[in-house]
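Peer 1: Single-letter residue listing:
There are 2 protein chains.
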Amino acid sequence: MLKQYCRERAALVDRELDRLVPLAGNPELIYEAMRYSLFAGGKRLRPILLMASADTVGGDGETYLHMACGLEMIHTYSLIHDDLPAMDNDDFRRGKPTCHKVFGESMAILAGDGLLTNAFEVMLSQPAVDHEVILAVVRDIAIAAGARGMVGGQVVDILATGKSLDAETLRFMHQAKTGALFKAAVKNGAILAGANPRQVLKLCEYAEQFGLAFQITDDILDVVGNQDKIGKPVGSDNKNGKVTYVTLYTLAGAQEMAREAVEKAVAALSEFNHKAAVLEELARYLITRDS
Amino acid sequence: MLKQYCRERAALVDRELDRLVPLAGNPELIYEAMRYSLFAGGKRLRPILLMASADTVGGDGETYLHMACGLEMIHTYSLIHDDLPAMDNDDFRRGKPTCHKVFGESMAILAGDGLLTNAFEVMLSQPAVDHEVILAVVRDIAIAAGARGMVGGQVVDILATGKSLDAETLRFMHQAKTGALFKAAVKNGAILAGANPRQVLKLCEYAEQFGLAFQITDDILDVVGNQDKIGKPVGSDNKNGKVTYVTLYTLAGAQEMAREAVEKAVAALSEFNHKAAVLEELARYLITRDS
Numbered sequence: 000m001l002k003q004y005c006r007e008r009a010a011l012v013d014r015e016l017d018r019l020v021p022l023a024g025n026p027e028l029i030y031e032a033m034r035y036s037l038f039a040g041g042k043r044l045r046p047i048l049l050m051a052s053a054d055t056v057g058g059d060g061e062t063y064l065h066m067a068c069g070l071e072m073i074h075t076y077s078l079i080h081d082d083l084p085a086m087d088n089d090d091f092r093r094g095k096p097t098c099h100k101v102f103g104e105s106m107a108i109l110a111g112d113g114l115l116t117n118a119f120e121v122m123l124s125q126p127a128v129d130h131e132v133i134l135a136v137v138r139d140i141a142i143a144a145g146a147r148g149m150v151g152g153q154v155v156d157i158l159a160t161g162k163s164l165d166a167e168t169l170r171f172m173h174q175a176k177t178g179a180l181f182k183a184a185v186k187n188g189a190i191l192a193g194a195n196p197r198q199v200l201k202l203c204e205y206a207e208q209f210g211l212a213f214q215i216t217d218d219i220l221d222v223v224g225n226q227d228k229i230g231k232p233v234g235s236d237n238k239n240g241k242v243t244y245v246t247l248y249t250l251a252g253a254q255e256m257a258r259e260a261v262e263k264a265v266a267a268l269s270e271f272n273h274k275a276a277v278l279e280e281l282a283r284y285l286i287t288r289d290s
Numbered sequence: 000m001l002k003q004y005c006r007e008r009a010a011l012v013d014r015e016l017d018r019l020v021p022l023a024g025n026p027e028l029i030y031e032a033m034r035y036s037l038f039a040g041g042k043r044l045r046p047i048l049l050m051a052s053a054d055t056v057g058g059d060g061e062t063y064l065h066m067a068c069g070l071e072m073i074h075t076y077s078l079i080h081d082d083l084p085a086m087d088n089d090d091f092r093r094g095k096p097t098c099h100k101v102f103g104e105s106m107a108i109l110a111g112d113g114l115l116t117n118a119f120e121v122m123l124s125q126p127a128v129d130h131e132v133i134l135a136v137v138r139d140i141a142i143a144a145g146a147r148g149m150v151g152g153q154v155v156d157i158l159a160t161g162k163s164l165d166a167e168t169l170r171f172m173h174q175a176k177t178g179a180l181f182k183a184a185v186k187n188g189a190i191l192a193g194a195n196p197r198q199v200l201k202l203c204e205y206a207e208q209f210g211l212a213f214q215i216t217d218d219i220l221d222v223v224g225n226q227d228k229i230g231k232p233v234g235s236d237n238k239n240g241k242v243t244y245v246t247l248y249t250l251a252g253a254q255e256m257a258r259e260a261v262e263k264a265v266a267a268l269s270e271f272n273h274k275a276a277v278l279e280e281l282a283r284y285l286i287t288r289d290s
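Protein sequences appear in the order of chains A and B. Okay, so the first sequence: first residue is 0 according to numbering that gives the first Met the number 0, each after it adds one. Okay, so the second sequence: first residue is 0 according to numbering that gives the first Met the number 0, each after it adds one.
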């Protein structure tokens, strides 16, 4: 069921992104660069989480497609900038040359800037939602993506590379760098669909554990993954001198932590019964994923 | 009168930016980098234009301080990214080393990303304005700053460097790169203050001519300016192989064009009478400015 659900929702997101970020722009090159990264094989996990969360509280996730697409645009901008020579200096992402390898460094910086800026245009154009709710949701997403969230996490990551890092800082870094946007997706999907405060709280608990499990399994894949499937060289964290959940807790320890986080994520969904089936499967999938 | 008005409004903006982007963040370094560029001596022209435009249609510009500060944050991010080695590779801005010279390239990219993202948080927190109006205004500013506006203009600029450029492309580039945000400031200041469609139209005419005059006089200053006052080496456009209004039209021709644009800007204000005094003086100041 999960595969079918994700395939359908990802197709919806792809179609809408194709419409929202068309090639027709002037100058065309910036749209080419933005679209290159936007359609480079992302799993659309954040849009799917937002829509599934809305479904979970009884809404119709597809209604919030603009918000979902805005999240994917923000996620894509962050990957483009993270890959830059001045940052992680990665040549490949999802098995394809990174944006700056194809379009050059200046165009990659600008493609990221364009995606980030236009993500706000897209989210603020969300139809069929009360204006006050749109304001609150987009503001919350800006906080999650900004200096107290994703950008701040990347700063900690850059500063920490090649240095030792304690468990608390590692967790803070990931919470900010990837956890905040996952949480914003789940939380705001629920808010858009009119969830009550207790439902939002429970879904935030789910999202925090989901984000933790995602990051731990990401670190595990960097050690035991298949290069063809994850689309980048295995062992790159080690090569780049990065402290990970595997280096801090061993492979077996990290696997156990990931399982625990998934169980806590699932436990937070208990009161939603069968309506949370997709969110539950998404969390369980993290343990078995190979990319 | 203008000097006094600008000094007071700039002080307001400075105080609010200091509050909105505090040093207290974690990690502190990203806030240091953002604040370094935010408080590097900018004239706060875009915030002043937004507030003066609101005054012109009978509103109180100071009410819209959050929107004004958001514009300045977006403007500052664009300067940080434009100065990067992969872009214009400028070492000085307003007489001070550029952000990447002080904090390094990765931190400068992230400081720009943080300012851009948090600008939306700030603007969406604008108090005392109807939610629907906030949505429309911030969406319009996102369009002006994005791939169809500022980002797109910078792309044309990068692609054109070292190449010949016709008058139409030069004008398009500046309209997108700097004109769009000036226009967004003036237009949305009026909209926030409840201007009617005809007032908005007239102020947009003003803003377009203001933006044109600003760019032409910017090109003139790069030739005849005083390095100490403009804060960067004179002749940098020539050195970088950039086509400017001076290279296309000669110095005298560019000066005449700037005067014409200012007269057209002032003419667009006629029906506002004395209420447009600040906007009129701001346009006239462009001709005489030395930085």
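Hints may contain errors.
No copy labels: a pair is met if it fits in one copy or bridges any two.
Straight line, CA to CA, 30 Å or less: simulated DSSO-like cross-link-like pairs of lysine-lysine [as the list claims (entries may be wrong)]:
id : residue 1 : residue 2
1  : Lys-263   : Lys-238
2  : Lys-162   : Lys-241
3  : Lys-100   : Lys-263
4  : Lys-241   : Lys-274
5  : Lys-2     : Lys-162
6  : Lys-42    : Lys-2
7  : Lys-274   : Lys-42
8  : Lys-95    : Lys-42
9  : Lys-2     : Lys-100
10 : Lys-274   : Lys-231
11 : Lys-95    : Lys-263
12 : Lys-100   : Lys-274
13 : Lys-274   : Lys-162
14 : Lys-274   : Lys-238
15 : Lys-2     : Lys-241
16 : Lys-100   : Lys-241
17 : Lys-238   : Lys-100
18 : Lys-274   : Lys-95
19 : Lys-238   : Lys-2
20 : Lys-100   : Lys-162
Hints listed in this document are in silico derivations from the structure and should not be mistaken for laboratory results.
Peer 1: Indicate, hint by hint, whether the structure satisfies it.
Peer 2: Tested hints:
1. Lys-263 with Lys-238: Classified as neither: same-chain Cα gap 32 Å, cross-chain 61 Å, threshold 30 Å.
2. Lys-162 with Lys-241: within (8 Å within a copy, 43 Å between copies)
3. Lys-100 with Lys-263: neither (40 Å within a copy, 46 Å between copies)
4. Lys-241 with Lys-274: neither (39 Å within a copy, 60 Å between copies)
5. Lys-2 with Lys-162: For Lys-2 and Lys-162, neither the intra-copy (39 Å) nor the inter-copy (51 Å) Cα distance is at most 30 Å.
6. Lys-42 with Lys-2: Classified as within: same-chain Cα gap 11 Å, cross-chain 54 Å, threshold 30 Å.
7. Lys-274 with Lys-42: within (22 Å within a copy, 55 Å between copies)
8. Lys-95 with Lys-42: within (15 Å within a copy, 44 Å between copies)
9. Lys-2 with Lys-100: This pair counts as neither: shortest intra-copy Cα distance 32 Å, inter-copy 48 Å.
10. Lys-274 with Lys-231: neither (36 Å within a copy, 61 Å between copies)
11. Lys-95 with Lys-263: Result: close neither inside a copy nor across copies, 35 Å intra and 51 Å inter.
12. Lys-100 with Lys-274: So Lys-100 and Lys-274 fail the 30 Å test inside a copy (43 Å) and across (53 Å) alike.
13. Lys-274 with Lys-162: Neither: 44 Å inside a chain and 59 Å across chains, both beyond 30 Å.
14. Lys-274 with Lys-238: Neither: 43 Å inside a chain and 64 Å across chains, both beyond 30 Å.
15. Lys-2 with Lys-241: Neither, since 32 Å and 53 Å both go past 30 Å.
16. Lys-100 with Lys-241: both (23 Å within a copy, 26 Å between copies)
17. Lys-238 with Lys-100: Classified as both; 20 Å inside a copy, 27 Å across copies.
18. Lys-274 with Lys-95: neither (37 Å within a copy, 57 Å between copies)
19. Lys-238 with Lys-2: Classified as neither: same-chain Cα gap 33 Å, cross-chain 57 Å, threshold 30 Å.
20. Lys-100 with Lys-162: both (28 Å within a copy, 23 Å between copies)
Checked against the numbered hints listed earlier, the structure breaks hints 1, 3, 4, 5, 9, 10, 11, 12, 13, 14, 15, 18, 19; every other hint is satisfied.
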